[in-house]
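Model the full assembly from the supplied sequences, consistent with the hints where possible.
Residue numbers (the working numbering), protein chains in the order written: chain C, 1 to 250; chain U, 1 to 232; chain S, 1 to 231.
Take these hints with a grain of salt, some might be off.
[Unchecked claim] With a cut-off of at most 20 Å between alpha-carbon atoms, the simulated SDA-like pairs for lysine to any residue come out as follows:
id: 1; chain 1: S; residue 1: LYS73; chain 2: C; residue 2: GLN70
id: 2; chain 1: S; residue 1: LYS81; chain 2: U; residue 2: LYS190
id: 3; chain 1: S; residue 1: LYS73; chain 2: S; residue 2: GLY25
id: 4; chain 1: C; residue 1: LYS217; chain 2: S; residue 2: GLU19
id: 5; chain 1: S; residue 1: LYS81; chain 2: S; residue 2: PRO113
id: 6; chain 1: U; residue 1: LYS190; chain 2: C; residue 2: THR119
id: 7; chain 1: S; residue 1: LYS81; chain 2: S; residue 2: GLY33
id: 8; chain 1: C; residue 1: LYS211; chain 2: C; residue 2: TYR15
id: 9; chain 1: U; residue 1: LYS190; chain 2: C; residue 2: ALA171
id: 10; chain 1: S; residue 1: LYS81; chain 2: U; residue 2: SER125
id: 11; chain 1: S; residue 1: LYS73; chain 2: U; residue 2: ASP232
These are computed hints drawn from the structure, not numbers from a lab. As the structure is a computational prediction, the values presented were derived from the model and not from experiment.
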Amino acid sequence: MPTTKSLYGRRLTGYAIATAIVLTASLTLAFFYAPIEVDQGFSQKIFYIHVPLAIVTLGGFVVGGIFAIQYLRSGDTRHDLRSYTAIHQGLVFCIGALITGCIWAKAAWGQWWVWDEPTLVSFLIVFLLYCTYQPLRFSIEDPQRQARYAAVFAVVAGVFVPVNFIAVRLASPLIHPRVLGSSGGSLPSDMRIAFYSALVGVALLFITLCKYEMASKHSRAQLGALRRSVSGERDEPLATRSAAPRIAVK
Amino acid sequence: MSAARPPSTLTAARAVLYKELTLERRAPQTLTAMALFCASAFVIFHFALGRDELEGALASGVLWVTLTLAALLGIGRSFVADREEGGLDGFLLAPAPRTALLIAKATTLFIFLLIVGLLAALLFSVLLLGPTPSASQWASLALVIVLASLGIALVGSLIAGIAIQTRARDLITSILALPLLIPLLIAVTKASAPLLGLGAGTLAGRWLALLGLYDLIFGLLAYALFDYLVED
Amino acid sequence: MANIEPAVVCSQLVRLYGERRALDGIDLTLGQGRTLVVFGPNGAGKTTLLRVLATLLRPSDGEASLLGSDLRKEGWKVRSKIGFLGHQSLCYGDLTARENLSYHARLHGLAEPAKRIEALLDQTGLSGRGDERVFGYSRGMLQRLAICRAVLHEPQVLLLDEPRSNLDPAAIELVEPLIGAGGGRTRVIASHDPAGGLAEADLVLGLRDGAAVLLAPPAQVTADQIGELYR
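Here it is as structure tokens:
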């Protein structure tokens, strides 16, 4: 029988508040504390959103791959839900990173898209690959098989990301403003504070959204189970086609 | 007890490979379709580009786009015969290592891609290619085709294993394979461009290294993950 | 074969298809050399049960073991001892009967495949057409070939899903030595034929919506009870 106590979404409020505070603070820092960059001027401010979005996107895909491995090892469907959520939100953030990248390209080079920008091009390819995650899940009806195949995809795609970056980088000259150079020390300290706080803010936003999505999926599954038990139907959801993992309500 | 001993991976893979090749010999659908596709694509490129002769990067792009799309046909057909009368179940019921199926499928695809790749390259040089490659350039191109076929075969077997259980098999094959093959295609197009150019272009080592890396990584991935696709 | 270990043991066996419980807590024990006949309407879980026992599907919950090997963990151990006959022939239409059988013989690692294949084709009356491609076969011939394939490696346990469908009385006679009782074989048979099924059963299992609603020796089961399953 469904219980009313949810294990999901308990700390959601805390995360949401923390996200709001850190994001606001980091944007304040970015706009009012960090200096205007000499070469690019005010338009460089988008860096404080674009780069954290890009980093968190990749982080989300990596996390999705790790949960996928755990799912394959354990068969525990909660890992499937986590993997799904991380990749789903990663895709949303990826769109954000691509759009902010386009805006930055327009501001810096006068064009919405530049092909000799390896990171941006890599993101486009990664985006195209992860776009197939939902259609793949949707085309497999059996939930266990769907979860298993999605996990295989998540692992393959997770490994694909670095290979793709290497390939694209080898194929194009480097002209991206290397704000975080190989040494990591090329960023002035006042810029660095703003950047890292923005990174933390965007990462918190990612976690909050993931938690929110999982909580929402659980509430909906519980609501459905409650409704069925009230109306006296069999305590079993109807078979529906869905790309999202099924949630067993205990 | 019967005198049966579970076959080794290699024995089982050979049995499956022999079966695959016999099936293709009996009903040569996949290879002919792939080859015909390439020929038609070259004719279309001739008219679409409005050029009689291509060279360098453009030639490389036309050749590899054609071969990639032809490979999709082969990948899409890979498990079809096994689904029709439950042949996949037949394999799974046997005490043979699951990896044997991956090896056999990848080898079959590799052989098909190699044949089509070499045929298409010859046809391309007759129909569209402007410069005449030297013997060493031909050898280099053949090496690129071998490494590319290997990578496509490995990724293709994995994708075919995923796609066969889905409802929209053809769609899933294409949308999965194309982005996954982009790093490989970057390497092969860049590697082939100087070989098909006007000068005495040679093969750049870094593209071979990238191809080798790609083949290795996706070979290991396919090996590690294939069991999850066939076991239920 | 002085093994007292039961051939098939299921305890609280569950197999899920999504949220649907295709098998819902099956308990049964079948001794070696015995025959279990499974009745039930379409979709009751007969085929799922056979596929789980054949290691084609993993149990979602509970235990299932065959000849002492846990199917969840050691399925590979028993594959050479299982003969599975499903709804599909598992043969390739573009290969001949001999090629199909020798393919499976190689996958099973048989020592002398040619002799065994000829004997089987002879026994099922297929040897005259053994070099024809299978797609030209009638349903009945295909079923005979499928039976050859299932018993090719002389398995100890036979899992048969309506083994006599598509067979005429003469053919049923032909295949009887291969899939009938005897030879110490343990058999699990899914059947829709109450009279025939009861006659060859040592144990009867009635499935409905994945649950075992009937499990008894045939002497305690009437044809009416079986008819009830389908209502």
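Status of each hint after checking the structure:
With a CA separation close to 18 Å, the supplied pair LYS73/S and GLN70/C stays within the 20 Å bound. A distance of roughly 53 Å separates the Cα atoms of LYS81/S and LYS190/U; the hinted pair therefore is violated under the 20 Å criterion. Proximity of LYS73/S to GLY25/S is assessed by CA-CA distance (about 19 Å); at most 20 Å being required, the pair is judged to hold. Simply put, LYS217/C and GLU19/S have alpha-carbon atoms about 16 Å apart, close enough for the 20 Å limit, and the pair holds.
A threshold of 20 Å between alpha carbons decides the hint, and for LYS81/S with PRO113/S the separation of about 16 Å falls inside it, so the pair holds. With a C-alpha separation of about 19 Å, the suggested pair LYS190/U and THR119/C falls inside the 20 Å cut-off, and the hint holds. The hinted pair formed by LYS81/S and GLY33/S meets the criterion: a straight-line CA distance of about 13 Å does not exceed 20 Å. For the given pair, LYS211/C sits about 9 Å from TYR15/C by alpha-carbon distance, which is consistent with the 20 Å threshold.
The suggested pairing of LYS190/U with ALA171/C holds, with an alpha-carbon distance near 8 Å, which does not exceed 20 Å. A threshold of 20 Å between alpha carbons decides the hint, and for LYS81/S with SER125/U the separation of about 56 Å lies outside it, so the pair is violated. A hinted pair counts as satisfied when its Cα atoms are at most 20 Å apart, and LYS73/S with ASP232/U qualifies at roughly 13 Å.
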